[in-house]
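Please arrange chain P on chain E, whose structure you already have, making use of the hints.
Residue numbers (UniProt numbering), protein chains in the order written: chain E, 1 to 225; chain P, 1 to 225.
A hint or two may mislead.
It does not matter which identical chain is used: a pair holds within one copy or between any two.
BS3-like, lysine-lysine: derived pairs with alpha carbons at most 25 Å apart [unchecked claim]:
{"no.": "1", "residue 1": "Lys9", "residue 2": "Lys133"}
{"no.": "2", "residue 1": "Lys206", "residue 2": "Lys82"}
{"no.": "3", "residue 1": "Lys61", "residue 2": "Lys16"}
{"no.": "4", "residue 1": "Lys144", "residue 2": "Lys28"}
{"no.": "5", "residue 1": "Lys31", "residue 2": "Lys185"}
{"no.": "6", "residue 1": "Lys28", "residue 2": "Lys184"}
{"no.": "7", "residue 1": "Lys133", "residue 2": "Lys206"}
{"no.": "8", "residue 1": "Lys58", "residue 2": "Lys19"}
{"no.": "9", "residue 1": "Lys204", "residue 2": "Lys31"}
{"no.": "10", "residue 1": "Lys196", "residue 2": "Lys223"}
{"no.": "11", "residue 1": "Lys82", "residue 2": "Lys196"}
{"no.": "12", "residue 1": "Lys133", "residue 2": "Lys196"}
{"no.": "13", "residue 1": "Lys107", "residue 2": "Lys196"}
{"no.": "14", "residue 1": "Lys61", "residue 2": "Lys31"}
Just so you know, the hints here were simulated from the structure itself, not pulled from any lab data.
Quick caveat: nothing in here was measured; it's all calculated off a predicted structure.
2 protein chains.
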Amino acid sequence: MKNIEALQKTLGYKFKSEKLIIEALTHKSHKQPYDNERLEFLGDAVLDLIVGEYLFFKFPKSDEGNLSKIRAALVNEDGFEKLARSINLGEYIYLSNAEENNGGREKASLLSNAFEAVMGAIYLESGLDVVRKIAIELIERNHKEISLDSLFRDFKTTLQELTQARFGETPEYRVIASRGPDHKKEFEVAVIIENKEYARAIGKSKKIAQQEAAETAVKLLNKEI
Amino acid sequence: MKNIEALQKTLGYKFKSEKLIIEALTHKSHKQPYDNERLEFLGDAVLDLIVGEYLFFKFPKSDEGNLSKIRAALVNEDGFEKLARSINLGEYIYLSNAEENNGGREKASLLSNAFEAVMGAIYLESGLDVVRKIAIELIERNHKEISLDSLFRDFKTTLQELTQARFGETPEYRVIASRGPDHKKEFEVAVIIENKEYARAIGKSKKIAQQEAAETAVKLLNKEI
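Bound conformation, chain E alone (with noise of 0.2 Å):
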């Protein structure tokens, strides 16, 4: 077995069932009679409870569409690789010799996968609140600031980088109709580059649809390399 000893201080506890982890360590590419795909599924629904717990605590005031808005933000792929280097989990994962070669271990979604089925080990053997102390301990630690502001701003800064090394400018956001009574208004936003509209968005304010204009520009562009 590897040694889980700088795992288990970094994450603060303690594994009761080493079949458990060792499972949810386990990459589907190490051929053996278990690997951590079912765990992972598990993992997914516990981390889904947690973040939606706890935001619904830290927002008292958010309505259901920003709340999810802020939890997919947090719960996807990107959000739980982050978590996952956080603890340097990669170096614990047991995967096949072509996967390893690979580069898996730096795989986003191998990562990923992981670091769900480590969450639900955690929650099989320990229960709700013990994983979720660990998780939002995580999740505190590795997003400095949790709002839909934060969480959503690098989309534009992203932008603009990219902007400005390809094409030597920075992007314009033009609002191209705003609809509605006062308490539900909603802004149409366009991203204009180099004079050619790039995309447009629908947002309950000019800042949310910027940014949303503004990741998919920054896909399309992406996809133009």
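Same frame as chain E, but now just chain P:
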């Protein structure tokens, strides 16, 4: 406050916080400073975990893909509408007169959302173990059999295979009648094979009626052999 005695009895659960259960039963059309959408967000994640964990233990040999499929067949609007109806949840929902006159109390989405919200409320005040017990009892009572086959069997496809093999033709579905006001329509459908009517069924949509009629016809044809 509505008389929720009967609801409490059906659920086998006594609500601790009157404020919370009222929130869980309040549709957004009922103008209040609160509605059940945040609790629905929470309840949705609670049910995902409860059902996921239940299937994890019930099917120790099933892989993640099959567990996901079975869960998707249980955890959806139709599934939760069924559970909501089984506890007569519609009776207890607070909604606007307009929504009421529009048949809101019978709407699948409204019933399903309120069911999730009630489960979210029970989770909040009594924790995962209590809500798990209640939810699993309801699910087991309302699904005769929980398996990939039984949840996914498409009777129209089965019937078509049967009739093609036996009669060299495909069954015809004939709408015999549609009844009721728009928001509460019912369809009566007959299955005709070789000019002979084999079965009839009534459903909330043509599709549902067709599936049920097909199921009866399949059973009849299998008996005829």
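Structure-based check of all given hints:
Only within a single protomer do lysine 9 and lysine 133 lie at most 25 Å apart by alpha-carbon distance; the minimum there is 15 Å, versus 35 Å between protomers. Taking the shortest Cα distances, lysine 206 and lysine 82 sit within 25 Å of each other inside one copy (18 Å), while across copies they are farther apart (40 Å). Proximity of lysine 61 and lysine 16 under a CA criterion of 25 Å is satisfied inter-copy only: 23 Å between copies versus 39 Å inside one chain copy. Taking CA atoms no more than 25 Å apart as the test, lysine 144 paired with lysine 28 passes in neither setting, with 34 Å inside one copy and 34 Å between copies.
When the C-alpha separation of lysine 31 and lysine 185 is checked against a cutoff of 25 Å, the pair qualifies only between copies, where the shortest distance is 19 Å, while the shortest distance within a copy is 28 Å. Taking CA atoms no more than 25 Å apart as the test, lysine 28 paired with lysine 184 passes in both settings, with 21 Å inside one copy and 14 Å between copies. Taking the shortest Cα distances, lysine 133 and lysine 206 never come within 25 Å of each other, neither inside one copy (35 Å) nor across copies (45 Å). Taking the shortest alpha-carbon separations for lysine 58 and lysine 19, only the inter-copy value of 20 Å comes in at or below 25 Å, while the best intra-copy value is 36 Å.
For the homomeric pair lysine 204 and lysine 31, the shortest alpha-carbon distance between copies (21 Å) is at most 25 Å, but the shortest distance inside one copy (30 Å) is not. For the identical chains of this complex, lysine 196 and lysine 223 are intra-copy neighbours only, at 16 Å inside a copy versus 58 Å across copies, given an alpha-carbon limit of 25 Å. Taking the closest pair of Cα atoms, lysine 82 and lysine 196 never come within 25 Å of each other, the shortest separation being 33 Å inside a single copy and 51 Å across copies. Neither within a single protomer nor between protomers do lysine 133 and lysine 196 lie at most 25 Å apart by alpha-carbon distance, with minima of 48 Å and 57 Å respectively.
For the identical chains of this complex, lysine 107 and lysine 196 are neighbours neither inside a copy (35 Å) nor across copies (45 Å), given an alpha-carbon limit of 25 Å. Only between protomers do lysine 61 and lysine 31 lie at most 25 Å apart by alpha-carbon distance; the minimum there is 16 Å, versus 49 Å within a single protomer.
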